[in-house]
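If you read the sequences in order, they're chains A and B. First residue of the first sequence? That's 1 in the numbering used here, and the numbers climb one at a time after it. First residue of the second sequence? That's 1001 in the numbering used here, and the numbers climb one at a time after it.
Since the hints were derived computationally from the structure, they do not count as laboratory data. If you're wondering where the values come from, they're calculated on a predicted model, not measured in any experiment. Nothing false has been slipped in among the hints.
Below are the SDA-like pairs computed for lysine to any residue, each with C-alpha atoms no more than 25 Å apart in a straight line:
no.	chain 1	residue 1	chain 2	residue 2
1	A	Lys323	A	Arg313
2	A	Lys323	B	Pro1258
3	B	Lys1256	A	Ala48
4	A	Lys34	B	Thr1220
5	B	Lys1256	A	Thr165
6	A	Lys280	A	Ser352
7	A	Lys119	B	Thr1026
8	A	Lys119	B	Ile1107
9	A	Lys231	B	Ser1037
10	A	Lys119	B	Thr1018
11	A	Lys324	B	Pro1108
12	A	Lys119	B	Gly1008
Below are the chains, spelled out letter by letter.
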Amino acid sequence: MDYEALGLVAGIEIHQQLNTREKMFCACPTLLRKFDERNGEFFRYLRATESELGEIDLAAKEEMKHERLFTYYTYDTTCLVEYDEEPPGPLNAEALEICCTIARMFSMTPVPQIHTMRKLVIDGSNTSGFQRTALVAFDGELPNAGTIETLCLEEEAAQRAEGHTFSLDRLGIPLVEITTSPCMRTPEEVEAMARYIGMALRSTGRVKRGLGTIRQDVNISIRDGARVEIKGVQELDLIAEVVRREVERQKNLLSLREELRERKGAVKSEPADVTRVFSKTGSSILKKAPCVLAVVLEGFGGLVGREIQPGRRLGSEFSDYAKKCGVGGIFHTDELPAYGITAEEVEKLRVSLSAGASDCIVLVAADPAKASCAARQVISRAEKALQGIPEETRRMLEDGSTAYMRPLPGAARMYPETDVFPITISDDWYGRLPLPELLSAKAERFSREMGLDPALASQIASSEQVFLFEQAAASGIPPLLAARTLLATLKELSRAGTDVSVISDEDIMAVLSAVRDGKAAKEAVPAMLDALAQGRTLDQALSTCAPSLSREELEKIIRKIVEERRSFVVSRGKGAVGPLMGVVMAEVRGSVDGKLVSEILSKEIARVLGK
Amino acid sequence: MKGGISSGDTVLSRIGRTERTGTFITERDGMAIVKLSSGYNIGLPRDHLSLLARSEAVPAPLISVAQDDSLPDLSIVSTGGTIASRIDYRTGAVTSQFDADDILRAIPGLRGIARFQARKLYTLLSENMTPAIWTELARAVFEEIKKGSTGVIVTHGTDTMAYSAAALSFMLDTPVPVVFVGSQRSADRPSSDNTQNALCSARAAVSDLGEVVVVMHATTSDDRCSIHRGTRVRKMHSSRRDAFQSIGVPPLGSIKYPSLEVTLSDHARRRREDEPCLKDGIDDHCALVCFHPGMKPTGLELYSGYRGIVIAGTGLGHVSSELVTAFRDLIEDGTVVVMTTQCLHGRVCDRVYDTGRDLIRAGVIEGEDMLPETALVKLMYVLGNTADRDEAVEMFRHELRGEYTRRSVNGL
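Kindly generate the complete structure, drawing on both the sequences and the hints.
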């Protein structure tokens, strides 16, 4: 696809959790919990409130169409601040420092005085009904002439456990939000930019790692299209695909609009009650519903069922809008007869509404209030199809297609957080924040200074253990040993069933230092780490996995092994060194360096052969 | 207006090499606050701003509130508080600014319960409440009842709501419900408890109750409100929704949410047909003194000339031996001194230990299981209604509005 010709413009918002000791506005740890560790539940209703300018946000209004009860899980690691039962504490200074460090890495201009705001979010993910957020810096620089518009410090929302139930452990973890300008022109550029920013953030060593700790939102539009924000892209590998599919969706919606205009398409502004048409229907949904409403879309016949994105039709968009009223979905005549609705019923429906074959009829079935709300949502979305593409917030589906979430929120959703004092950023403090070395620069340095293979250097630089690796290398541990232990040994142990999560960084450093100091052979590293994982002390691990041996003792052991296998040695000659190495190493259990073993073994074999 | 730029004007903000347009909000502590088009507020030095365009004043549309004539009449008397609060641009903090009409607009569900008469008496934070305002409040509520209201709702800040509820309990003998309500979490947040509290209070006000009560959240969830007797309720938490608790007695009842089904217990006073009675005298020359180790007798000289003192003593109702003489002197000078317990739960008994007996000999009155705050308000009330000390003491010893019980029931 020629994205330039289509006028693709894209920007990204990156949300990265910060690895602070405490949460953004309380002293709770930033710890994720398992749902079954919860110690209680409570429930609340949320409703939209006016901003200080007296407006209600469009996105909030949409969520309010259907009043919902939200349930929250609590833990021994959450407090009354997450319950929205206590005012927030002061903004976390550690989080602000990390944020400003990141801002400085991108040469951004800090805001002179930071004001915490409440961003109205009433989908239940925040107990208060808003997410606290503060604008920290403006105007940053990115590679390839890209630019960052803003950097904000936000509190993380609660995690959805299921349906309308949320878990409070994640609520309040600080996160940095970086919003680029719409400076990207191809799907690949978007992916590359997201990768670069993610790498820069990880370079601080102070951000959380792992699945769900970084999320990307993508803003996309094409010429004559509309700005659409796609939320929650977690895997970077999907980001380009999401962009491609959104371009496709907008392109298809635009050509759909042209076709509708040619057909003189129109939307009847009032839904019609067709409950009686389906009084004897075989469709259990329609039969059960107290009220069935129909929306007549003139000239839409065949277009509602047309695919606009893999797995998505205009009908899917109608359905998403209708669901905001609490209905399960919609039916439309492009997909009928089906679902127990017969061809005769469709015909009866068309006749009763004087609708022709070129028209499409959308059905919603629910109690009268919900059905009316849902029908109006369909009418509103259909009218937008005649105009073009609505500005929307959408959520990513598994394969990279997207579904409607809510209208783009506006400034009306921002309200000052009156319980948090503003913070003044001094130029002097900001200017003296130390800048971390980028991971990409680290990789080059590891290769250049430590002689690591460039691929290995890059692998260790982008791994979570990069800072531990640097610490190890700085303390004189051979870089290759450190890299191999961190990248391979731990994984192998884990695969073999060892719980490596209990092995601390200090444990790893102690084991590697023992090798460096000649107290153990590098071959003993896996066994020693395994012993530590089993709860042994370092001394216990050393004595069981690497008992100290004098040279004489070692020579004695090797001589015995060689004597016992004399015929093998004679038949294999010098080639016996390799196979016997393993036997000796197993016997000495990693207490001796392989080089020394090899040296003595060769000597002993030579002695036997020389006889 | 500051330096030619006033709230609502469009301004250009310059920060380093960055420029952004926004709306000037206010100036606070030497920093100009600007709302950017993204909705974010930032603070910056005043001289970083330049005026782009004046704001066009748009009058807020007045939406008339249609009411259903077939429903019972309720009066809302508003004194302020978080149930009707909004942000104050001067300080950036939440203050109470709404009138009672705004409450109706903010909580549309109220219109399905009753027809409301709104009366804005005060707009104050409840820490600024005074005994003189209790008198005004009692008169206003009395007038509403006389006019034939089915019930009266008093919106009130939560900090001193229990004091005001106790004051009205004593001053006003009411045949209809007088319901105090507020909210612990500000009305400007989507999670505010104000909607549930307001709806439950309205339902309580049309219920079969006939006394002064407080209606607030019963739990941290949005599931029900408790109805508390005005003389037995206390704010027991600084911030939680379920801060209000009945002490020493069970609540008078509860209201389920969102069904608004009311349950009243047997000991709740019922609605009656008789006329309301108002005795609005109050004497604020009274004090509540919380005893603590190390308290100096000289500190009590401050209270010389006071007509009444309530002591929140330790345990069964004690102060240090050193202080007994000081209290005896005050009593001899005509001050009524009442003992309550800072334990809040349980009864005063000054007949067990020597210090207690000394206090009784000195003329200290045992406050039974009355809350210290309720005892203070009751003392102000009795002294406000008689100039005679002995008569006041006699009145104080009587149970007037369920403020104490003679039986301490286990489990409360």
